[in-house]
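Given next are the chains, with one letter for each unit.
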Amino acid sequence: MISIDPDVIKELADKGLRIDRRAFDEYRPIKIETGVIEKAEGSAKVELGGTKVIAGVKMEVGEPFPDSPDEGVLITNAEFLAFAHQEFEEGPPNEDSIELARVVDRAIRESKAINFKKLCIEEGKKVWMIFIDIDILDHDGNLIDAASLAAIAALLNAKFPKLEIVEEGDEKKYTIDYEQKTDPLPIEQRPITITAAKINGKILLDPNIAEESAVEGEVSMGVTDNMIASIQKSSPGGFTIEEINRIAEISLKKAAEIRGLLK
Amino acid sequence: MEQKLIVDGKRLDGRALDQLRPIEARAGVLKNANGSAYFRIGKTIAVAGIFGPREVHPKHMEEAETAILRCKYNMASFSTTERNRPGPSRRSKEISKVMREALMPVLFLENFPKSAIDLHVEILQADASTRCAAINAASIALADAGIPMKDLIASCSVGIVEGHIVLDVAGKEDTEGDVDLPIAYYPKRDLITLLQMDGMVTKEQLKQLLELAKKGAMKIYEIQRQALKSKYMEE
Amino acid sequence: MILLNSREIIGGLNMAERELVIPGDLLGEGIAGSGTYMENGKIYASVLGLAERKDKLIFVIPLNGIYSPKTGDGVIGKIEDVAFSHWIVNINSPYFGVLPLNEAVTDFVDLTKTDLTKYFNYDDIIFAKISNVTKTKSVQLTMKDRKCRKLYGGRLIKITPAKVPRVIGKGGSMVEMIKKYTGCQIVVGQNGIVWIKGEKEDLAIEAIQCIEEKSHTTGLTDKIKEMLENEEGGNNGTKANS
Chain U
1 MISIDPDVIK ELADKGLRID RRAFDEYRPI KIETGVIEKA EGSAKVELGG
51 TKVIAGVKME VGEPFPDSPD EGVLITNAEF LAFAHQEFEE GPPNEDSIEL
101 ARVVDRAIRE SKAINFKKLC IEEGKKVWMI FIDIDILDHD GNLIDAASLA
151 AIAALLNAKF PKLEIVEEGD EKKYTIDYEQ KTDPLPIEQR PITITAAKIN
201 GKILLDPNIA EESAVEGEVS MGVTDNMIAS IQKSSPGGFT IEEINRIAEI
251 SLKKAAEIRG LLK
Chain G
1 MEQKLIVDGK RLDGRALDQL RPIEARAGVL KNANGSAYFR IGKTIAVAGI
51 FGPREVHPKH MEEAETAILR CKYNMASFST TERNRPGPSR RSKEISKVMR
101 EALMPVLFLE NFPKSAIDLH VEILQADAST RCAAINAASI ALADAGIPMK
151 DLIASCSVGI VEGHIVLDVA GKEDTEGDVD LPIAYYPKRD LITLLQMDGM
201 VTKEQLKQLL ELAKKGAMKI YEIQRQALKS KYMEE
Chain Y
1 MILLNSREII GGLNMAEREL VIPGDLLGEG IAGSGTYMEN GKIYASVLGL
51 AERKDKLIFV IPLNGIYSPK TGDGVIGKIE DVAFSHWIVN INSPYFGVLP
101 LNEAVTDFVD LTKTDLTKYF NYDDIIFAKI SNVTKTKSVQ LTMKDRKCRK
151 LYGGRLIKIT PAKVPRVIGK GGSMVEMIKK YTGCQIVVGQ NGIVWIKGEK
201 EDLAIEAIQC IEEKSHTTGL TDKIKEMLEN EEGGNNGTKA NS
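Protein chains in written order, with our numbering: chain U, 1 to 263; chain G, 1 to 235; chain Y, 1 to 242.
These are computed hints drawn from the structure, not numbers from a lab. Built from N, CA and C at the ideal position, the CB exists for glycine as well. Honestly, I wouldn't trust all of these hints.
[Said to hold, decoys possible] Here are the simulated lysine-lysine pairs, DSSO-like style, with alpha carbons at most 27 Å apart:
1. Lys-170/Y with Lys-229/G
2. Lys-59/G with Lys-144/Y
3. Lys-113/Y with Lys-70/Y
4. Lys-112/U with Lys-59/G
[Said to hold, decoys possible] Chain G is faced by these chain Y residues, among others (derived, beta-carbon under 8 Å):
5. Tyr-37
6. Gly-41
7. Gln-140
8. Lys-144
9. His-216
[To be verified] From chain U, some residues computed to sit far from chain G (all C-beta separations above 12 Å):
10. Gly-62
11. Ala-107
12. Leu-156
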C-alpha cells in the first residue's frame with residue numbers, strides 16, 4: 001500500500017489547507033442510523049467520512065460491584081475488524097482497540113450519561129449490566145469520535161428487555177425476554193467526543209487517516225453542554241497549555257452542533 | 001458522617017493543596033539493564049529498566065528508518081491492598097501506550113534504525129498517580145541508559161477534591177475525588193505529552209488544573225535531574 | 001600492539017574542566033558535536049555525560065550507552081554465521097557486521113570447493129575494522145589492515161562502549177601502562193569488547209574494570225597506577241611483549 005506522504009499534509013496545513021479541502025474546524029459528513037441491529041437492545045451505525053462503525057447495546061442481569069451495590073454496570077469493548085484496514089490483525093484486543101474502548105467508556109461514565117442507580121434491580125444482588133460493543137468496519141481516521149457517537153446513539157436507542165422475576169421459595173429467578181422491549185434506558189447526558197489533531201503546529205478537528213499519519217499529537221475531549229468530562233491525549237507528540245485551552249473551547253462549541261444530530 | 005478530605009486548606013496527609021508528596025529518585029538501580037531508575041512519590045513506587053537499542057525480535061516489527069520504543073507498564077500483584085491479578089490488564093495496556101507516546105517526543109529514535117528500545121516499568125506499590133511515577137522513572141532510566149534525548153519528561157497529577165484544586169492526588173483523594181488529571185510535561189518545548197482526565201470540569205477549571213500540573217511537573221523535573229547527577233557525584 | 005582511532009582518544013584530560021550534563025542542558029553556541037543537538041541556534045546536551053569544548057566544537061562524552069558502529073572503528077567480534085561468500089559477525093551492537101570473503105582473504109578462493117570455516121569458523125573471535133556503515137546501518141567489515149587478525153585464546157570482557165577512550169588513555173597511555181605492569185597482550189575494540197591474554201589476566205581485567213567504574217573521576221591514571229603497583233609489590237613488570 002502506498003499512502004499519502006505525511007509531508008504533503010504538513011505543507012498543506014502550513015498554508016491553512018487540508019487534503020480533503022475542509023476547513024480546520026470542519027468535520028467530515030456525519031451519518032447516524034439507529035436501530036440497525038434488531039437483536040440488540042439498542043444500536044447505531046455511524047459514518048464519519050469514510051470511517052464506519054457500529055455500536056450495539058446488549059443487556060444482562062448480573063451482580064453489582066461491591067463498592068456500588070445499588071448501581072448498574074457498564075462494560076465497553078471495541079473490535080477492529082480485520083477487513084477494516086490492511087494493518088489490522090485478527091487476535092486479542094491490542095493497545096489501540098483497548099484505548100479506544102476505554103476512551104469511549106470514560107466519556108459516558110464521567111459525564112454521568114447513564115443514571116446507574118436506575119439500573120438497580122435488587123440492591124447488592126442484582127443489577128442491569130450494559131454492554132456496549134463497537135465494531136470498526138472501516139478505518140478512515142478519527143475512530144474515537146465515530147465510536148463515541150455510535151455508543152451514545154446506541155444508548156439513546158436502547159430499551160430494556162422485559163424482565164420476569166419468579167420467586168421460588170427463598171430464591172428469585174430472573175429471566176429476560178429479549179423479544180419484548182420496554183422502557184428506554186435512563187440516559188441523562190449526551191456526551192460528544194471531539195478529537196483535535198496538531199499538524200505542523202496547527203490545530204484541526206476530525207483528522208482523517210492520512211492526516212493521522214502526520215499528527216504531532218491528538219487530543220480527544222468528551223464534553224456535555226457546558227462541561228468537559230474526559231480527556232485523552234493520544235499519538236506521540238505534545239501540546240502547549242494554550243493549545244489545550246483552545247481545544248477545550250472549540251470542543252464545547254463543536255459538540256453542540258454534533259449533539260443536534262442525535263435523535 | 002464521612003470524613004472530610006480537606007480541612008482548613010490541609011489534606012488528610014497534612015499536605016497543602018499545591019504540595020507534592022515526599023519524593024525519592026535514583027538512577028542506575030539495576031545491574032543488568034542498560035539503564036534503570038527508582039522513583040517513589042509518597043507510597044507509590046516505580047522501578048524502570050531499559051534494554052537497548054538492541055536487535056528487534058520478532059524481525060517484522062523492525063522499522064528501516066527508526067528505532068521502535070516498546071513500553072510495558074505492570075503492577076506487581078502485591079502492589080495493591082487487594083491482590084492485583086497478574087498479567088496485562090486492559091488498563092495496563094492503555095497506560096503502556098500513553099506512556100510510550102508521552103516519552104517518544106524527546107527521543108532521537110532516528111539515530112538507531114532497525115533497533116528496539118525496550119522499557120519496562122514495574123509498580124511495586126500503588127497509591128495513586130502510578131502512571132506518573134512510571135513515566136518519571138522511565139525518563140530517568142532512558143537518560144541513565146545513555147539514550148540520546150532532547151529533554152527529560154516529568155509527570156504528575158492534579159485533581160479536584162471537594163471543590164478544591166489539588167496537586168498530586170493520593171490515597172482517598174484518588175477514589176473519592178471528583179477529577180483526576182495526570183499530565184506529562186516536556187519543559188524545553190513547553191509541551192504536554194500525556195494528558196488524560198476523568199471527571200467534570202469547566203474550561204476555566206481546566207486552565208487552573210493545567211497551570212498547577214505544570215508547576216508540579218517542574219519540581220519533579222529538578223528531582224529527576226538531581227537523581228541523574230548524584231549517580232556520578234557521590235564518591 | 002593495537003591502538004585504535006586516535007581521533008577517539010580523549011583520556012587524560014583534566015576531568016575538573018568537564019561539566020556533568022543532562023539531556024536538555026544548554027551548552028552554549030558553536031558547532032554541535034556528538035552527544036548534542038542544536039535548536040534555534042543553541043546547543044543542548046542529548047546524552048548524560050561530560051561536556052567539553054574544543055574551539056567552537058561542543059560535544060558530550062557519554063557516560064553510558066550501547067555501541068553504534070562507525071566507519072573506521074576497530075571492533076572485536078564473534079563469528080555468528082558462515083554464509084556462502086561472507087561471514088556474519090556479532091559486534092556487540094544492535095547491528096551485525098558482514099565480512100565479505102574478498103575483505104577477509106587475499107588468496108583466490110574457489111567457492112565451489114572451499115569451506116569458508118577453514119578461514120573463520122563459528123565462535124571465532126576476530127579484530128576487524130569497519131569499512132562502511134550505510135544510513136540504514138548495514139555494517140561492512142574488513143580484515144585488510146595490519147592490526148586485524150583472529151584472536152586466539154585469552155579472555156574477553158565487556159565494558160561500556162562510551163568508556164573505551166578512558167581505557168585506552170591519551171595517546172594509548174592507559175592501556176600501555178596496564179600492559180607494562182601485567183605483561184598481558186591487550187586489544188581494545190571500540191565496541192566495548194576487550195581481549196586480554198597473558199599470565200596476569202586477572203590483574204589486567206581488574207584494572208580495566210576499575211577504569212570503567214571510576215572513568216568520570218579525576219586523577220584516574222594515578223589511581224590505576226597505584227593499584228597496579230600495589231598488586232605488583234613494587235615490581236615493574238618488564239615482559240611486555242606486544
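Numbers of the earlier hints that this structure fails to satisfy, in rising order:
2, 3, 4, 6, 7, 8, 11
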